[in-house]
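Peer 1: Residues per chain, in single letters:
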Amino acid sequence: METQLGDMWSPIRLTLELAGLTTVLLMLLGTPLAWWLARSQAWWKEGVATLVAMPLVLPPTVLGFYLLIALGPSGAGAVTEPLFGLRTLAFTFEGLVIGSVFYSMPFVVQPIRNAFEAMGERPMEVAATLRASPLKAFWSVAVPLARPGFLTGAVLGFAHTVGEFGVVLMIGGNIPRETKVLSVAVYDFVETAQWREAHILAGGMVVFAFCVILSMTLIQKHAAKAGA
Amino acid sequence: MNVVPAPAQTTSMPVITAAFSGALGAFSLDVSLTLPARGVTALFGPSGCGKTSVLRCIAGLNRLPGTCVVAGETWQDGTRFRPTHRRPVGYVFQEASLFPHLSVRRNLLFGAPRDPAAHSIPFDEVVHLLGLAHLLERAPQNLSGGERQRVAVGRALLSQPRLLLMDEPLSALDRATKDEILPFLERLHAVLDLPVLYVSHDMAEVERLADHLVLMERGRVRASGPLAVLQSDPDLPLAAARDASVSLDAVISHQDDAYGLTELSVRGGRFLVPATPGAVGTRRRLSVVAGDVSLAVVPPSPSTILNVLQGRILSAAPLRDTEMTVVLGLGPAGDGDRLLARVTRRSWELLGLAEGTSVFAQVKGVALANLASGPEMTEI
Chain X
54 METQLGDMWS PIRLTLELAG LTTVLLMLLG TPLAWWLARS QAWWKEGVAT LVAMPLVLPP
114 TVLGFYLLIA LGPSGAGAVT EPLFGLRTLA FTFEGLVIGS VFYSMPFVVQ PIRNAFEAMG
174 ERPMEVAATL RASPLKAFWS VAVPLARPGF LTGAVLGFAH TVGEFGVVLM IGGNIPRETK
234 VLSVAVYDFV ETAQWREAHI LAGGMVVFAF CVILSMTLIQ KHAAKAGA
Chain L
0 MNVVPAPAQT TSMPVITAAF SGALGAFSLD VSLTLPARGV TALFGPSGCG KTSVLRCIAG
60 LNRLPGTCVV AGETWQDGTR FRPTHRRPVG YVFQEASLFP HLSVRRNLLF GAPRDPAAHS
120 IPFDEVVHLL GLAHLLERAP QNLSGGERQR VAVGRALLSQ PRLLLMDEPL SALDRATKDE
180 ILPFLERLHA VLDLPVLYVS HDMAEVERLA DHLVLMERGR VRASGPLAVL QSDPDLPLAA
240 ARDASVSLDA VISHQDDAYG LTELSVRGGR FLVPATPGAV GTRRRLSVVA GDVSLAVVPP
300 SPSTILNVLQ GRILSAAPLR DTEMTVVLGL GPAGDGDRLL ARVTRRSWEL LGLAEGTSVF
360 AQVKGVALAN LASGPEMTEI
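Chains X and L, in that order, are what the protein sequence lines are.
Residue 136 in our numbering sits at position 83 of the first sequence; the count goes up by one each step and never skips.
Residue 100 in our numbering sits at position 101 of the second sequence; the count goes up by one each step and never skips.
No lab work stands behind these hints: they were computed from the structure.
Glycine residues also receive a C-beta, built at the ideal position from the N, C-alpha and C atoms.
Careful: at least some of the hints might be erroneous.
Restraint-style ranges between C-beta atoms, simulated for each label pair [what the hints assert, rightly or not]:
1) E99(X) with T73(L): 32 to 42 angstroms
2) F218(X) with L23(L): 15 to 25 angstroms
3) R140(X) with P82(L): 43 to 53 angstroms
4) E174(X) with R219(L): 22 to 32 angstroms
5) E174(X) with E124(L): 30 to 40 angstroms
6) H275(X) with S46(L): 30 to 40 angstroms
7) I266(X) with S143(L): 32 to 42 angstroms
8) A203(L) with C264(X): 51 to 61 angstroms
9) E99(X) with S27(L): 25 to 35 angstroms
Can you build the whole structure from these sequences, using the hints too?
Peer 2: So this is what it looks like as structure tokens:
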């Protein structure tokens, strides 16, 4: 009984760590990317936007397959081996974080980009005529105005990372306390006919998904009211 | 031989020179302007003539090849381009564009320098001038259109600009709201010594506010000069308009309390108008519509018309087939302020009028174009 509870707690903690870290990284990487996609006049920016959106369409196993190669001995592993003696980043927590960043990127970049676009040029122009440098204008005007986009992006990025399965299986395997996250654990419990544990985790996920979608709707409603 | 210093440093009257030429999308702009860096200059013309583009180029919001020098400071030339946030401009957009996430107070202070010693336009004065005291803690969403635009003007002023750019600040507002805001703008211009470029397509606004006028047409400057001079130039479309009028800057010279009249002096003549408050010496702007002025070659017999002024015909241009637009100079020699008169071609020929003819102008209507100016406002 004790070990079984421990078996359930470890994937939950691992999942939260993975999703939390991925979300933070995505906010850091996704914000400048979303800003560039919203503002740039470059003709090739939609090509970049398409690349970012690819995980929406690709089967997670395809993404996972390429990530496996990219993280392996002839990819990232070639860099990490002489430095840390690590032949591959696959089957590590770090590898999962990298995979999740790619996998969840569209869910973070798209809402933030939309929010930046909906804002239009005017607020930044007004800020510039009030002596605000581009950086100050970004922090004091663009970010607060795009707040609903950031919230949506963060919630979606977090939730989507929690729900990933295919990519994890391909590049993470099923190593307890290292890469065995919730979705894989549910699969495992079912495989080994531990229905009670599977029920608890699966039910928890259902409640979690419900809360995520409800809170998203409420955020958007609130934002629409504030903007009116 | 002494070397004469560069004129830009020595001219007593600071100027704004702006020249831009190039294409913005499908629209081509080609302007070259030298404007006084004091008082209010109106950029006037039909929509789509490039007024706003000129303003945006001066603010650095658009970049076209050209030069921009304001009061001796180069903002743009062949090699340099100072970005908007380093130009000491205030910009009031057509829509107030307040920051919705900030209160009125924080909107007002957004561009204000941290150091209060740098405030030559103090917060309290702006709040007072624009009547914002009761709005400070509100959110922009809870303001009326007129209130929002007043906050936008205040916000621009508090960034301590050395040039205020206003892009049709009233055009998004209804008539009643305009009339609510115009007195505030007049007070600003009376109290603050800040050059203003004011874009408008509404001649009534221009008459109330502007000292200098730039007429624009299809991306070009048609004419630039003092307001009254351009209004009375028969070669320009203003004088040919059905409701053509001329603005005169007048000074109160006498208050006739017995009859409830105020006497206002202009160069070359005097007008009597229904009593308007103000001490002798107070400045007022008058507007006389061409259709309200008729001409006589001999002093007219006594009539109920209050205002009969002597003048001389400076020029005349036919308007359609039946009418003439006549430019008068006030005073016996015709060297005073100008008036426009609209007369029929028949009268013109029957009276034998010609350039140089001495005439008496009977003025049936005089309007006070602005109300708020003069000493009582400078006490603030």
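Peer 1: It remains to establish, for every hint, whether it holds in the given structure.
Peer 2: For each hint, the structure was consulted:
Between E99(X) and T73(L), the C-beta spacing of about 39 angstroms keeps the proposed range 32 to 42 angstroms intact. Between F218(X) and L23(L) the beta carbon distance is about 52 angstroms. The supplied range of 15 to 25 angstroms is therefore violated. Range check, R140(X) to P82(L): Cβ separation about 50 angstroms, and the 43 to 53 angstroms hint holds. Separation of E174(X) from R219(L) is about 27 angstroms and conforms to the stated range, judged on CB atoms against 22 to 32 angstroms.
In this structure the hint that E174(X) and E124(L) lie 30 to 40 angstroms apart at CB holds, the actual value being about 32 angstroms. Taken as a hint, the range 30 to 40 angstroms holds for the pair H275(X) and S46(L), whose Cβ atoms sit roughly 38 angstroms apart. One distance hint, 32 to 42 angstroms for the beta-carbon pair I266(X) and S143(L), holds here, with the actual separation near 38 angstroms. Against the hinted window of 51 to 61 angstroms, the Cβ-Cβ separation of A203(L) and C264(X) comes to about 59 angstroms, which satisfies the hint.
The beta-carbon spacing between E99(X) and S27(L), approximately 29 angstroms, falls within the hinted interval of 25 to 35 angstroms.
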